[in-house]
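Chemist: The lines below spell out each chain.
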Amino acid sequence: MKETIKVDQVQVVLGGKAVLEDITFSVSSGELTGIIGPNGAGKTTLLRTMLGLVPIRKGQLEVFGVPVSRLKLVRPRIGYMPQRKSFERRFPLSASDVVAGGLLTPETLLRPVSAKNEKIKKALQFVAMERYHNQPFQDLSGGEQQRILLARSLVRQPELLLLDEPNAGLDFPAQQSFTELIQSLKRERNLTVLLVSHDLMSIASAADKLVCINRTMHIHGHPADVLQSPSLDEAYRCQFDLISTFDKGGSRS
Amino acid sequence: MIEIFEYGFMQRALLAALLVGTLCSTISFFVVLKRLSFLGAGISHTALGGIALGLITGVDPIFSGSVFAVGTAMSTGYISRIGKISEDTIIGIYYAAGMALGIALISSFKGYYPELFALLFGNILSVTVHDLIFMALAMVIITVFVIIFFKELLMICFDEEMAEAGGLPVVVIYMGLLAAMGLTVMVSIQLVGVVLVAALVVIPGAIAYRLSKNFRGMLFLSIVFGLAGSFGGLLISYYYPVPPGAAIVLVLAVIFALAMVARPLIDKYQAKQTGVNNR
Numbered sequence: 001m002k003e004t005i006k007v008d009q010v011q012v013v014l015g016g017k018a019v020l021e022d023i024t025f026s027v028s029s030g031e032l033t034g035i036i037g038p039n040g041a042g043k044t045t046l047l048r049t050m051l052g053l054v055p056i057r058k059g060q061l062e063v064f065g066v067p068v069s070r071l072k073l074v075r076p077r078i079g080y081m082p083q084r085k086s087f088e089r090r091f092p093l094s095a096s097d098v099v100a101g102g103l104l105t106p107e108t109l110l111r112p113v114s115a116k117n118e119k120i121k122k123a124l125q126f127v128a129m130e131r132y133h134n135q136p137f138q139d140l141s142g143g144e145q146q147r148i149l150l151a152r153s154l155v156r157q158p159e160l161l162l163l164d165e166p167n168a169g170l171d172f173p174a175q176q177s178f179t180e181l182i183q184s185l186k187r188e189r190n191l192t193v194l195l196v197s198h199d200l201m202s203i204a205s206a207a208d209k210l211v212c213i214n215r216t217m218h219i220h221g222h223p224a225d226v227l228q229s230p231s232l233d234e235a236y237r238c239q240f241d242l243i244s245t246f247d248k249g250g251s252r253s
Numbered sequence: 001m002i003e004i005f006e007y008g009f010m011q012r013a014l015l016a017a018l019l020v021g022t023l024c025s026t027i028s029f030f031v032v033l034k035r036l037s038f039l040g041a042g043i044s045h046t047a048l049g050g051i052a053l054g055l056i057t058g059v060d061p062i063f064s065g066s067v068f069a070v071g072t073a074m075s076t077g078y079i080s081r082i083g084k085i086s087e088d089t090i091i092g093i094y095y096a097a098g099m100a101l102g103i104a105l106i107s108s109f110k111g112y113y114p115e116l117f118a119l120l121f122g123n124i125l126s127v128t129v130h131d132l133i134f135m136a137l138a139m140v141i142i143t144v145f146v147i148i149f150f151k152e153l154l155m156i157c158f159d160e161e162m163a164e165a166g167g168l169p170v171v172v173i174y175m176g177l178l179a180a181m182g183l184t185v186m187v188s189i190q191l192v193g194v195v196l197v198a199a200l201v202v203i204p205g206a207i208a209y210r211l212s213k214n215f216r217g218m219l220f221l222s223i224v225f226g227l228a229g230s231f232g233g234l235l236i237s238y239y240y241p242v243p244p245g246a247a248i249v250l251v252l253a254v255i256f257a258l259a260m261v262a263r264p265l266i267d268k269y270q271a272k273q274t275g276v277n278n279r
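In order, the protein sequences belong to chains A and B.
Under the working numbering, the first sequence has 232 at position 232, and the numbering climbs by one with no breaks.
Under the working numbering, the second sequence has 130 at position 130, and the numbering climbs by one with no breaks.
Think of the hints as simulated: they come from the structure by calculation, not from any bench.
Keep in mind it's a predicted model, so treat the numbers as computed, not measured.
For each residue, glycine too, the CB sits at the ideal point set by N, CA and C.
Please note: incorrect hints may appear among the correct ones.
Once the Cα atoms are required to be at most 20 angstroms apart in a straight line, the calculated SDA-like pairs of lysine to any residue come out as [as the list claims (entries may be wrong)]:
1) B:K272 <-> A:L140
2) B:K84 <-> A:K116
3) B:K151 <-> A:K17
4) A:K116 <-> B:R216
5) A:K72 <-> B:P169
6) B:K151 <-> A:P38
7) B:K213 <-> A:Q138
8) A:K121 <-> B:E161
9) A:K72 <-> B:R216
10) B:K151 <-> A:T108
11) A:K17 <-> A:G30
12) B:K151 <-> A:V113
Example chain A residues on the side facing chain B (calculated, C-beta under 8 angstroms, incomplete) [to be verified]:
13) L53
14) S69
15) K72
16) Y80
17) E88
18) F91
19) L93
20) L104
21) L109
22) A115
23) S141
24) L181
25) S184
Use the sequences and the hints to build the structure in full.
Modeler: Below, the structure is given as structure tokens:
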């Protein structure tokens with residue numbers, strides 16, 4: 001399988017402090033890879049380096065075979081969904097307006113982008129939210145808002161989707177339904193998905209691979225192998241007994 | 001009532017109210033959405049330092065105040081991005097330092113500066129043709145900027161992280177917004193003065209935010225209430241012995257209080273209508 005993301009000995013320094021050190025892994029096309037680690041492990045920073053929002057000090061990072069320094073060449077092929085805390089929930093936008101935001105690029109500067117664009121309609125269909133297109137975003141539930149934000153990241157029909165804690169703040173049924181939606185999108189649209197999460201069990205059952213970091217690389221591999229590994233305990237600095245609730249097939253027992 | 005249009009000073013004041021009311025309420029839309037309310041107060045108080053410097057050195061105080069106002073707004077945005085200092089901390093420092101500079105300069109020079117008191121508390125009735133030209137010029141520049149970058153500004157206010165990830169020149173556009181805010185504050189100082197100007201770039205947007213759930217409606221209402229406050233305050237000050245600046249801010253504050261009460265009633269009414277339609 002073709003490599004969509006290649007991270008090789010990457011070091012990131014912020015404010016004179018190394019926040020990521022010697023990170024190495026790759027993501028193949030069509031895979032759903034989960035990035036796990038404790039709070040402050042650098043998961044979001046890692047995702048942001050892949051978008052060119054945080055510079056790398058050492059190492060190499062390639063997305064679709066292009067070095068991250070020349071990311072603008074492949075940016076339209078990447079969809080991104082930041083953490084929910086990054087926006088104001090009572091903002092006066094309709095669902096379609098929010099999705100239209102995903103179409104804004106340097107190329108659309110000085111050009112009109114209509115909220116009635118066909119791509120917006122399609123993106124809302126992908127996440128089964130087309131009937132909410134005119135609804136004020138602030139009137140939607142947390143789970144519905146997440147679907148609209150997912151539609152925004154899908155509006156340019158990307159091949160790679162980067163999701164930062166998409167389940168945070170959702171109740172269990174909403175989390176489950178959102179994870180199922182991601183899995184079905186991945187299958188139907190052959191998307192490569194990189195998903196940051198602190199919820200180990202939910203991500204382990206959904207992902208094809210897990211990458212565990214805590215400032216440095218701890219382990220990368222099949223979820224069952226990662227969950228069994230002592231490296232996981234090391235990364236979280238505590239002892240887990242997760243494998244008893246997770247079989248090698250990737251389902252909960 | 002028609003007699004108020006017969007006086008030249010009232011004609012100029014009404015025109016100034018129209019220009020500043022429209023400008024402030026447009027900027028207020030972004031100020032409320034981007035949560036920059038405190039920045040308005042910071043800019044106006046820093047501008048006092050620039051105004052005092054201009055008066056003492058013989059430079060046009062509107063020009064020197066504008067340089068200070070725009071400089072404060074842009075450097076606040078820049079420092080908060082490069083340093084690890086939050087915007088409200090920087091504003092707090094600028095606010096006090098600008099005011100202190102103004103007080104120090106004014107008190108160290110002997111003389112009487114009537115313009116200074118007009119700028120401190122505003123005097124829309126003393127607006128000159130030169131002032132109107134400055135206001136109109138500022139309005140043209142800011143309106144063109146807002147029209148060109150409206151969708152990007154909206155995106156930056158909603159989700160800056162996503163705007164950056166999309167490759168938009170976020171820093172440049174945001175700095176443009178801050179510069180526009182600085183210029184708007186300086187233009188409005190002539191109307192309501194340093195002390196009250198922050199209200200003009202906050203209240204119209206806050207009223208509209210309370211009443212509208214879509215940005216088009218919010219922008220429209222912000223302009224409507226901005227103009228209502230400016231004209232309403234001006235009329236009150238014509239008929240009653242209340243300074244125009246204070247009257248404008250008080251009218252806006254009353255409208256805001258009414259909006260606070262109206263929102264739950266509107267929600268109740270809409271819920272009732274939805275219930276009727278679903279039956």
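Chemist: Against chain B, run the beta carbon of E88 of chain A and see if the smallest gap drops under 8 angstroms.
Modeler: It holds, given that the least Cβ distance between E88 of chain A and chain B is near 7 angstroms, below 8 angstroms.
Chemist: For the hint on L53 of chain A, just tell me whether its beta-carbon gets within less than 8 angstroms of chain B.
Modeler: holds, 6 angstroms
Chemist: Holds or violated: the hint that S69 of chain A contacts chain B, with Cβ atoms closer than 8 angstroms.
Modeler: violated, 13 angstroms
Chemist: For the pair supplied as a hint, K151 of chain B and P38 of chain A, confirm whether the alpha-carbon distance does not exceed 20 angstroms.
Modeler: violated, 37 angstroms
Chemist: Is it true that the CA of K151 of chain B sits at most 20 angstroms from the CA of V113 of chain A?
Modeler: Distance ~8 angstroms between K151 of chain B and V113 of chain A Cα, so the pair holds.
Chemist: Would the hint linking K272 of chain B and L140 of chain A be met if the CA-CA limit is 20 angstroms?
Modeler: Holds. K272 of chain B to L140 of chain A sits at ~18 angstroms (cutoff 20 angstroms).
Chemist: Hinted pair, alpha-carbon criterion (20 angstroms max): K121 of chain A, E161 of chain B. Please report holds or violated.
Modeler: violated, 24 angstroms
Chemist: Let's test the interface hint: is any C-beta of chain B closer than 8 angstroms to that of L104 of chain A?
Modeler: Holds, about 5 angstroms.
Chemist: Using 8 angstroms as the Cβ threshold, decide whether L181 of chain A counts as touching chain B.
Modeler: violated, 19 angstroms
Chemist: Does the structure keep K151 of chain B and K17 of chain A at a Cα separation of 20 angstroms or less?
Modeler: Distance ~36 angstroms between K151 of chain B and K17 of chain A Cα, so the pair is violated.
Chemist: Given the hinted pair K84 of chain B and K116 of chain A, is their Cα-Cα distance within 20 angstroms?
Modeler: Violated - the C-alpha atoms of K116 of chain A and K84 of chain B are around 40 angstroms apart, more than 20 angstroms.
Chemist: Holds or violated: K151 of chain B and T108 of chain A, Cα atoms, limit 20 angstroms.
Modeler: holds, 10 angstroms
The structure fails to meet hints 2, 3, 6, 8, 9, 11, 14, 22, 23, 24, 25 from the earlier list, while all remaining hints are met.
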